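Enquirer: Listed below are the residues making up each chain.
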Amino acid sequence: MAGTEVLGRVSWRTGKVVALHDETSTARTIALVVSDWPGHIAGQHVDIRLTASDGYSAVRSYSIASAPNSDQRIEITVERLENGEVSPYLTQEVMVGDEIELRGPIGGWFVWRSDQTEPIQLVAGGSGIVPLMAMIRSRLESQSNAQFQLLYSVREPAAAFYKDELEAISKRGDSLLLTYAFTRITPKGWPRPPGRIDAALVSVSVWPTDLAPTCYVCGPTSFVEHVNGLLIAAGMDRGKIRTERFGSTGERK
Amino acid sequence: MNPNISYLDGNAAGSELSRIFNVDLTAAEGQCVNCGTKGRFADAHLYVDCPGLVARCATCDHVLLRLVNTGERIFLDVRGMAYLTTRPVQS
Amino acid sequence: MNKQAWIAFKYDGANLAAEHGGPARLLVPHLYLWKSAKWVKGLTLMPQDNPGFWESLGYHMYGDPWREQRYSEE
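Residue numbers (our numbering), protein chains in the order written: chain A, 1 to 253; chain B, 1 to 91; chain C, 1 to 74.
Please note that a few of the clues may not be correct.
Label-pair distances were calculated between CB atoms; the ranges are [to be verified]:
| no. | chain 1 | residue 1 | chain 2 | residue 2 | range |
| --- | --- | --- | --- | --- | --- |
| 1 | C | L33 | B | N69 | 12 to 22 Å |
| 2 | A | G39 | C | V28 | 46 to 56 Å |
| 3 | A | G97 | B | R87 | 55 to 65 Å |
| 4 | B | V48 | A | P38 | 24 to 34 Å |
Treat the hints as calculated values from the structure; they're not laboratory data.
None of these values were measured; they are calculated from a predicted model.
Positions of the beta carbon are idealized from the N, C-alpha and C atoms, including for glycine.
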């Protein structure tokens, strides 16, 4: 691996909310400006800490959704979990102008650097799309020519994040091959019945193994284990598959 | 072995480990003392719903690493790994 | 077992589920919950206390929540 590893940052910083955008009825993107932000690499995450008036605090990890830039601005996309301790606040109560404590960026393995030239296979399950979106955006930002392909598994079209942006990018013709896998409800006329990713879908929507792609798989643990098994069975090099598990509820502590 | 327990992976140990180590260890390669499997720390099964962190070998489930952060002290047990190897930080 | 510690193997009339420690778990209601070991395979009575999985890594040997004995005192 070329270059230095980005150091994990331990100290808490304050980020100011500058924009909010609803991705779906339960997920929201929060844009933060962090005054001494050291920069990040696509795929890294931040820890967010909420402290109640009685001193009780909860920390949760959220992947950075935005590409590296020099603006000291990052975006995270948060999905509201029913019994979550942090996500209900972030998705329903936070307002522009609020300050949020965060720490990071964290992570040195599940990252894509713009000096990588090999074909990239991204496989996302639900909110696992977030760090992969940072990679897609980073590829555009850096004007990389690396071939990217995304297989994105969600319950139904309304649950997908970044729909318009992904459609625009994939229509450009030179940037991203995009395949959706809907597990519960499909759009009218969809050629594939609802269901999770299987070997048949992998065989038509993933880079051929002889291209020796690097694969990034992200989502709930059971999704990652399932897809990992399918990729290995299809002949992908185990050492070229990078995974990030979000836990059964899709939340990372 | 408890099939109902859900685990994360070594990526989720990044911030706790960065309190001790200057280098990101999720990309480090290690060897399980029990079964000899070599792998990235990021691929270890990580359990966080407990009094500390426990990382287990993805192949044989042996405990690779345990970490407790009491707020005043960090305790780290890495007896489950024969070694961890990574590039040093360039200065 | 004395009156304060239990071996639990049923809950609400049904066998204890694996994710809650079944088939059998220790239940020690007067101490911190990590002392209530799940998936118990056996009991060994010893004349001296030895640190367990968490006690050997910074947690308190006794663990009385009323006295906030979460971490070892050294």
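Enquirer: If you test the structure against every hint from before, which numbers come out violated?
Expert: Result: hint 3 breaks, nothing else.
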